[in-house]
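> Same order as they appear, the protein sequences are chains A and B. Everything in the first sequence is counted per the working numbering, starting at 1 for the first residue and increasing by one. Everything in the second sequence is counted per the working numbering, starting at 1 for the first residue and increasing by one.
Simulated from the structure, these hints should not be mistaken for laboratory data. Quick caveat: nothing in here was measured; it's all calculated off a predicted structure. Wrong hints could be hidden among the right ones.
Which copy is meant is left open, so a pair is good if it fits within one copy or across any two.
Unchecked claim - Straight-line alpha carbon distances no greater than 25 angstroms define the calculated SDA-like cross-link-like pairs of lysine to any residue that follow: (1) 213 x 24; (2) 267 x 278; (3) 281 x 245.
Protein chains: 2
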Amino acid sequence: MSIQNTALLTDQYELTMVAAALRQPVAHRQCTFEVFARRLPDGRRYGVVAGTGRLLDELEHFRFGDDELAVVSRFLDPDTVDWLREYRFGGEIDGYREGELYFPGSPILTVRAGFAEGVLLETLVLSILNHDSAIASAAARMVSAAGVRPIIEMGSRRTHERAAVASARAAYLAGVAATSNLEAARTYGVPSAGTAAHAFTLGFTGPDGPDEKAAFAAQIEALGVGTTLLVDTYDITQGVANAIEVAGPELGAVRIDSGDLGVLARKVREQLDDLGAPDTKIVVSGDLDEYAIASLRAEPVDTYGVGTSLVTGSGAPTAGMVYKLVEVDGVPVAKRASHKESRGGAKSAARAARATGTIVEEIVYRAAEPVPTVDGLRVRPLQIPLVRDGTPVADLPTLEDGRRHLADALVSLPWEGLGLSHGDPAVPTRYQLS
Amino acid sequence: MSIQNTALLTDQYELTMVAAALRQPVAHRQCTFEVFARRLPDGRRYGVVAGTGRLLDELEHFRFGDDELAVVSRFLDPDTVDWLREYRFGGEIDGYREGELYFPGSPILTVRAGFAEGVLLETLVLSILNHDSAIASAAARMVSAAGVRPIIEMGSRRTHERAAVASARAAYLAGVAATSNLEAARTYGVPSAGTAAHAFTLGFTGPDGPDEKAAFAAQIEALGVGTTLLVDTYDITQGVANAIEVAGPELGAVRIDSGDLGVLARKVREQLDDLGAPDTKIVVSGDLDEYAIASLRAEPVDTYGVGTSLVTGSGAPTAGMVYKLVEVDGVPVAKRASHKESRGGAKSAARAARATGTIVEEIVYRAAEPVPTVDGLRVRPLQIPLVRDGTPVADLPTLEDGRRHLADALVSLPWEGLGLSHGDPAVPTRYQLS
Numbered sequence: 001m002s003i004q005n006t007a008l009l010t011d012q013y014e015l016t017m018v019a020a021a022l023r024q025p026v027a028h029r030q031c032t033f034e035v036f037a038r039r040l041p042d043g044r045r046y047g048v049v050a051g052t053g054r055l056l057d058e059l060e061h062f063r064f065g066d067d068e069l070a071v072v073s074r075f076l077d078p079d080t081v082d083w084l085r086e087y088r089f090g091g092e093i094d095g096y097r098e099g100e101l102y103f104p105g106s107p108i109l110t111v112r113a114g115f116a117e118g119v120l121l122e123t124l125v126l127s128i129l130n131h132d133s134a135i136a137s138a139a140a141r142m143v144s145a146a147g148v149r150p151i152i153e154m155g156s157r158r159t160h161e162r163a164a165v166a167s168a169r170a171a172y173l174a175g176v177a178a179t180s181n182l183e184a185a186r187t188y189g190v191p192s193a194g195t196a197a198h199a200f201t202l203g204f205t206g207p208d209g210p211d212e213k214a215a216f217a218a219q220i221e222a223l224g225v226g227t228t229l230l231v232d233t234y235d236i237t238q239g240v241a242n243a244i245e246v247a248g249p250e251l252g253a254v255r256i257d258s259g260d261l262g263v264l265a266r267k268v269r270e271q272l273d274d275l276g277a278p279d280t281k282i283v284v285s286g287d288l289d290e291y292a293i294a295s296l297r298a299e300p301v302d303t304y305g306v307g308t309s310l311v312t313g314s315g316a317p318t319a320g321m322v323y324k325l326v327e328v329d330g331v332p333v334a335k336r337a338s339h340k341e342s343r344g345g346a347k348s349a350a351r352a353a354r355a356t357g358t359i360v361e362e363i364v365y366r367a368a369e370p371v372p373t374v375d376g377l378r379v380r381p382l383q384i385p386l387v388r389d390g391t392p393v394a395d396l397p398t399l400e401d402g403r404r405h406l407a408d409a410l411v412s413l414p415w416e417g418l419g420l421s422h423g424d425p426a427v428p429t430r431y432q433l434s
Numbered sequence: 001m002s003i004q005n006t007a008l009l010t011d012q013y014e015l016t017m018v019a020a021a022l023r024q025p026v027a028h029r030q031c032t033f034e035v036f037a038r039r040l041p042d043g044r045r046y047g048v049v050a051g052t053g054r055l056l057d058e059l060e061h062f063r064f065g066d067d068e069l070a071v072v073s074r075f076l077d078p079d080t081v082d083w084l085r086e087y088r089f090g091g092e093i094d095g096y097r098e099g100e101l102y103f104p105g106s107p108i109l110t111v112r113a114g115f116a117e118g119v120l121l122e123t124l125v126l127s128i129l130n131h132d133s134a135i136a137s138a139a140a141r142m143v144s145a146a147g148v149r150p151i152i153e154m155g156s157r158r159t160h161e162r163a164a165v166a167s168a169r170a171a172y173l174a175g176v177a178a179t180s181n182l183e184a185a186r187t188y189g190v191p192s193a194g195t196a197a198h199a200f201t202l203g204f205t206g207p208d209g210p211d212e213k214a215a216f217a218a219q220i221e222a223l224g225v226g227t228t229l230l231v232d233t234y235d236i237t238q239g240v241a242n243a244i245e246v247a248g249p250e251l252g253a254v255r256i257d258s259g260d261l262g263v264l265a266r267k268v269r270e271q272l273d274d275l276g277a278p279d280t281k282i283v284v285s286g287d288l289d290e291y292a293i294a295s296l297r298a299e300p301v302d303t304y305g306v307g308t309s310l311v312t313g314s315g316a317p318t319a320g321m322v323y324k325l326v327e328v329d330g331v332p333v334a335k336r337a338s339h340k341e342s343r344g345g346a347k348s349a350a351r352a353a354r355a356t357g358t359i360v361e362e363i364v365y366r367a368a369e370p371v372p373t374v375d376g377l378r379v380r381p382l383q384i385p386l387v388r389d390g391t392p393v394a395d396l397p398t399l400e401d402g403r404r405h406l407a408d409a410l411v412s413l414p415w416e417g418l419g420l421s422h423g424d425p426a427v428p429t430r431y432q433l434s
């Protein structure tokens, strides 16, 4: 999928602020904007950064061509329109890499640019990071709950058709094995997978009634015996018997999409073994979330198909990150009004870990200071350069890099941080800003 | 925004089902697929159909070109690839119009086509309708709660960047007055609006400290005194005083984005009146949802800015609609396995209302039967033709038509149906299928 122009994927006020600023010295003052989350969603122990790669792609398409200028000319003065015509982001961006864990206050992305140049990116930056991080954060918990068993992401139908593509990417970053979404396969190289729907079996209904065996035979003829047959359209026990009768014991897998999945998995496993098909796997799906996945740990399930809960962030569909101006020409700035605390000044962050690798704290420190040291702990700086002079730096981590990075990062969590139960962030955030 | 190719915005299994079907007579059997929701989200009284217009636009771009065929060739046989190369949906679609209320079981969309032709659309249809209807359904409750006061949708930063555009459209359909999203203004003609961010005021911090008045003066110079000034960056009372000092009593509005919005609105209203600015309006924003909006009914608020809760469906980010094969060559079909009840056979629906206009029940009946009559009630059929021979019919209702339709439809609900409290659907669904 080629990326379209992204300049209007923004809030009108970003542009009117630019218009108001351009008449003043503020427009060109050197500013630092920071992206962070004030808190994690409802009892979550960690968040997962995702979307940075997509953001850098879309940033290159954030240009005001004639069509975009015609729209903004409705409410902007000609000088501002001329400025936008020439707009290319020319500043610097640092940030957490994709697949990095984050905690409340982590400075996930830092944009350094003139005021007008930087304020303009707020909406696009937040849309992408808030969406993708919400999905990756939920997916990582599901992957943890599933242990060594693979998850197939199949939620495209439960979210906006383009959000579905980004969701598949974020889920893959988080360790999900494959997606049903073909655009994600094309655009991001995510492995794709699929089974069959009840409609397929129902379609073989003729004047004489249903014919599940004909449906199974047709699927095997087209896709081979390694395929996954959906066995719960009519009676599951009969469905399994039909599947093995038609496919033989080499059948790849059966899928169960409804009912008490634990009970059914056990029954079906026993039946498959009795039928001499011990290698035929069991795929379960149907309203699974991280808790349902965990509850199936002791059951003979081989693969999970997860849809709705994954693409909707399992109760937290947005990461709640904000984009805040924190420094103007070297002077720290911060909103002072109640309830929305923020800390002025450009910041960076590092994570301290024991020699075992287990992390202990997130340290947020002044960007101008060196990486802090902590006695007895290893301290790893978290931000990497992403954009210089408006251009993405060379050799940025790939999606696969991020996927490996997250897998390692999850191992570094204190054990209670991987639990599904609600609680505090897995490690505290310590501000070293004096 | 021009629409890109949509053929890969789909699940792989739709295509493998086509491949398996194409070798069998089933591929060309005349089928009816229906879209419906088994239930409304968690205690909601009604749903709002949205997305149909977008679906018809995207349907025209559901074509397999060389790029798309290269992707699906990885797992499909050459005959199927050839069939996809020629694929144009050539069937019929009927459905509820956008802005129509729906209830559990309402046949929101009906697709009639050969099996392969129809099954291929499942993912795209559901992605669009599930997303857009979830947003419109949440937005309609907020609009009801706001009464005559306008709502500005400003949630783009809290959802996927393209979902944001669809959300703005769905919110407008539901009666929201304007959006901050400029792509929605361009693509769908939704009125756009905006205020300013704290960053703007903070940007005017100089070596001598903050200068809120300079920020306000700059905004007024660029946008005129009709603009909305954000007054809660530092101290709200001082902010309001600064705003009127700089703008005079002709100032359009002030915005409050944090704190106890009810208390603050009262204080600010009093202050504005005392300053001789009785016509300066008050815009409130900050984590508003339908309940918070309702709680501000008695407060002197003029406009609500709503973000996160709107674009995430206020707890129900997907409408949970399904796309089910219900009839094959005139034979009703239905899944029989537990927990996911469905009713076979092509269906249509009508809504019965008293002479006063108040609706009484949703009647789902066999599509082949005439519209049912109910003694003493007026019965209105709900499906309209949307596509014939693969082409959208002429003079389909516009987005504005849908917006008016919904406004009328909400008035037709029994009074308890407009309440925000959890409960049963506002009217029961009666199946007349014998």
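> Please flag the earlier hints that this structure goes against, numbers listed from lowest up.
Nothing - there is no hint that the structure violates, so all of them hold.
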